[in-house]
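Top to bottom, those sequences are chains A and B. Under the working numbering, think of the first position of the first sequence as 1, with each following residue one higher. Under the working numbering, think of the first position of the second sequence as 507, with each following residue one higher.
Hints listed in this document are in silico derivations from the structure and should not be mistaken for laboratory results. A hint or two may mislead.
[As the list claims (entries may be wrong)] Not the full set, but computed from the structure, chain B residues with beta-carbon under 8 Å of chain A: (1) Leu519; (2) Ser545; (3) Leu549; (4) Ser553; (5) Ala563; (6) Leu564; (7) Val575; (8) Gly587; (9) Pro589; (10) Gln594; (11) Phe596; (12) Pro599.
Note that this is a predicted model, so its numbers are computed, not measured. Don't be surprised by glycine CBs; every beta carbon is placed ideally from N, CA and C.
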Amino acid sequence: VTDLRRTAAELAGDIASGATTSAELTQATLDRIAAVDGAIHAFLQVDAEGALAAARASDDRRAAGRPASALDGVPIAVKDVLATKGLPTTCGSKILEGWVPPYDATVVAKVRAAGLPILGKTNMDEFAMGSSTEHSAYGVTHNPWDLTRIPGGSGGGSAAAVASFEAPIALGTDTGGSIRQPGAVTGTVGVKPTYGGVSRYGLVALANSLDQVGPVTRTVLDSALLHEIIGGHDPKDSTSIDQPPPALVEAVQQGASGDLTGVRIGVVTELGGEGYQAGVLARFHESLELLTKAGAEVVEVSCPHFVHALATYYLILPAEASSNLARFDAMRYGLRVLPEGIDAPSAEDVMRATREAGFGDEVKRRIILGTYALSSGYYDAYYGQAQKVRTLISQDFAAAFERADVLVSPTAPTTAFPIGEKVDDPMAMYLNDLATIPANLAGVPGISVPSGLADEDGLPAGFQILAPALADDRVYRVGAALEALLLEQWGGPLLDRAPTLEGDGA
Amino acid sequence: MSASLSRDEVAHLATLARIDLTEAELDHLAPQLSVILDSVASLQGVSSADVPPTSHALPLTNVFREDVVEPCLTPDQALSGAPAQEQQRFSVPRILGDEQ
Numbered sequence: 001v002t003d004l005r006r007t008a009a010e011l012a013g014d015i016a017s018g019a020t021t022s023a024e025l026t027q028a029t030l031d032r033i034a035a036v037d038g039a040i041h042a043f044l045q046v047d048a049e050g051a052l053a054a055a056r057a058s059d060d061r062r063a064a065g066r067p068a069s070a071l072d073g074v075p076i077a078v079k080d081v082l083a084t085k086g087l088p089t090t091c092g093s094k095i096l097e098g099w100v101p102p103y104d105a106t107v108v109a110k111v112r113a114a115g116l117p118i119l120g121k122t123n124m125d126e127f128a129m130g131s132s133t134e135h136s137a138y139g140v141t142h143n144p145w146d147l148t149r150i151p152g153g154s155g156g157g158s159a160a161a162v163a164s165f166e167a168p169i170a171l172g173t174d175t176g177g178s179i180r181q182p183g184a185v186t187g188t189v190g191v192k193p194t195y196g197g198v199s200r201y202g203l204v205a206l207a208n209s210l211d212q213v214g215p216v217t218r219t220v221l222d223s224a225l226l227h228e229i230i231g232g233h234d235p236k237d238s239t240s241i242d243q244p245p246p247a248l249v250e251a252v253q254q255g256a257s258g259d260l261t262g263v264r265i266g267v268v269t270e271l272g273g274e275g276y277q278a279g280v281l282a283r284f285h286e287s288l289e290l291l292t293k294a295g296a297e298v299v300e301v302s303c304p305h306f307v308h309a310l311a312t313y314y315l316i317l318p319a320e321a322s323s324n325l326a327r328f329d330a331m332r333y334g335l336r337v338l339p340e341g342i343d344a345p346s347a348e349d350v351m352r353a354t355r356e357a358g359f360g361d362e363v364k365r366r367i368i369l370g371t372y373a374l375s376s377g378y379y380d381a382y383y384g385q386a387q388k389v390r391t392l393i394s395q396d397f398a399a400a401f402e403r404a405d406v407l408v409s410p411t412a413p414t415t416a417f418p419i420g421e422k423v424d425d426p427m428a429m430y431l432n433d434l435a436t437i438p439a440n441l442a443g444v445p446g447i448s449v450p451s452g453l454a455d456e457d458g459l460p461a462g463f464q465i466l467a468p469a470l471a472d473d474r475v476y477r478v479g480a481a482l483e484a485l486l487l488e489q490w491g492g493p494l495l496d497r498a499p500t501l502e503g504d505g506a
Numbered sequence: 507m508s509a510s511l512s513r514d515e516v517a518h519l520a521t522l523a524r525i526d527l528t529e530a531e532l533d534h535l536a537p538q539l540s541v542i543l544d545s546v547a548s549l550q551g552v553s554s555a556d557v558p559p560t561s562h563a564l565p566l567t568n569v570f571r572e573d574v575v576e577p578c579l580t581p582d583q584a585l586s587g588a589p590a591q592e593q594q595r596f597s598v599p600r601i602l603g604d605e606q
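Looking at chain A on its own, in the form it has when it is part of the complex:
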C-alpha cells in the first residue's frame, strides 16, 4: 500500500527502489482525490487517463534504467492559470470555461519532460485575483484544517491539494503572495522564486512585472527538487534571466544540518506588530529563537517604505491587469455572449456583454481601478507615483540586505479566516498580502515555512524568509534549517495534527 503522506522525495525513492511504481502511486493519489475532494474542492479538472498514461511511461523509463529526473513518476497538480495542452485551462473564470490550450506553458512542458504525471488543474481566485479562492467562478476550496475556512489565495486549490494529500506536490503562481499565503494558512511550504528565475511563458498573465511560478509542497526539500526542474532560462519569456538557478537542493542539505553560524537574519520592523494576530506573532518569535540557537545572528532592520507597499501594489497590479485582460474580447478564444435586444450587435457590443457575463466582481473591480489609474489626467498621480514608490521599496530592500543575508516576517498577518467573512470587503481581503507583496514589487525570492499552530484557533501560521534577487538558495538554506528544528520540536510534521477528513482511511 502506497503511503500518500510521504514526501515527494521519499516517494521518488520508493519508486526508484521498486517499493512502488508510478502507476500504483498515481492510482492511489487519484483514489485519494476521489475520496476527499468532494469536501475540499481543490481540483477543477482531474485527468486520470493522462496521469496514468504518463505514470506507465515513467515506469517504463525506470525499468529501462533511464529516469528523466529525480522526481520521475511522482504525480503533480497544476494551478489552472498555467496552459496545459489538451487539458482545460480556465483561470477560475467563466470567460475561459472549457478552453483547451493548444500548447503547454514552459513549466508544464518541463514538468512533463521530467516525467511527472499531471493529476489535474487546481482551483484559484479568478485570474489569480484574491487571497481566499472565494473569487473562483467554480466554487470555493475548503481548508483541510477546518472546512469552514478559506485555504488562502489565489492558489488555494494547489495548497489545499497538497495539505490534504491529494497531491504530493503542485505548481502555483505568486503575484502578491498567492503561493506563500496559502502555504501559511494550510500548513504547507510555498516558494516564490526570483522574478525571471522561472519562465512565465504560458502563464496567463495577471500582472507581468509581478507574476512568478513556483513550487507548492509539504517540505522545503520537495520545493527545491521541483524548483530545480522548472527553473532556468526560457527564450520564450523575454523577462527570463539568462543564467542557471543556484544549487537549491544542496542549499537545503546544508540548512537541514541545523547550523546557521554566520547567517545574519533581519527582522523587518514594518512587517509585524499592529494588525498581526497574537498567535501568529508568538509562533514567529519562537521560530526566530530557534534560528538564533542554531547560530544565526538576528538584527532588526527598518524598511520605511514597506508601509506603502499595499497601496503601490493595488495601483500597479490593476493597471497591468486591466491591460492584460483586454485580450478577453470574445473574438479569438473563450466566451462570446451576444447582447440582448440589439440587432446585428457590433464587436464592441459583444465584447461588453461578454465581459459583463464572463468576469466576476473582483475582476471587474480591478479592471475598472486599473483603467482609472492609467487614464489621462490621473496617470502621473496614480500609476506614475506607484512606480516611483516601487523604486523606494527596492531601495529599502537593498539597504536591508547590506545588514542581513535574509529578511524574515510572518507570512500572513492572520490564520485562515471563515469562508464568506471578507468576500465583499475588498480592503479587508487585500490586507492578507501585507507581508508578501514587497517581495513581488522588488522581484526578490521568498519562502513560507509552517511555524506552528496559533493558540487562539489551533490553525497553521507561516514564517516568511526573503533573500536578494538570484539568491534563492538562501531562502532554501534558512527554510530547511527552520523546518528541521521545528520538526524536532514537534516530533513529526505539522500536518499530522490536521483533523481527519471524511474519506480518510478509505
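Based on these hints, arrange chain B on the given structure of chain A.
Then chain B, alone, in the frame of chain A:
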C-alpha cells in the same frame, strides 16, 4: 488627498474598459471602488520628483533571439478556441458602427 469615484464615473470607466455593468452592479461597486481609491491615494507625496520609476524589478533590455524559424501553432490549433470561425479565419461581429 481624499479620492472617490461617483456612480457616473464608474459607469464611464466601465465603458472605457468594455464591460457592461447592471444598475445593481454600479450601486455595489462604486462605493467599494471609492474605498480602495481612497486607500491607495495615500501614496501622494511619498516620493519626490527625482525618484526614477520602476516598471520591472530586474530590468533587461534588447532581448533578441536568432532569426530562425521556430515551430508554431497550426491554423487549426490557433483557431481551436475561437467562438466562431470561417475559411480558416476568426469570424467576428461587425466592427464598424452605423455612423461610420
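Here is what the structure says about each hint:
1. Leu519: 5 Å, holds
2. Ser545: This hint holds: Ser545 of chain B lies near chain A, its Cβ roughly 6 Å from the closest one there, short of 8 Å.
3. Leu549: Cβ of Leu549 of chain B sits 5 Å from chain A, so the hint holds.
4. Ser553: 4 Å, holds
5. Ala563: This interface hint holds because 2 Å falls under the 8 Å limit.
6. Leu564: Holds, because the Cβ-Cβ distance from Leu564 of chain B to chain A comes to roughly 5 Å (cut-off 8 Å).
7. Val575: It is violated, given that the least Cβ distance between Val575 of chain B and chain A is near 14 Å, above 8 Å.
8. Gly587: 3 Å, holds
9. Pro589: 4 Å, holds
10. Gln594: 13 Å, violated
11. Phe596: 6 Å, holds
12. Pro599: For Pro599 of chain B, the interface hint holds, since the closest Cβ of chain A sits about 5 Å away, which is under 8 Å.
Checked against the numbered hints above, the structure breaks hints 7 and 10 and satisfies the rest.
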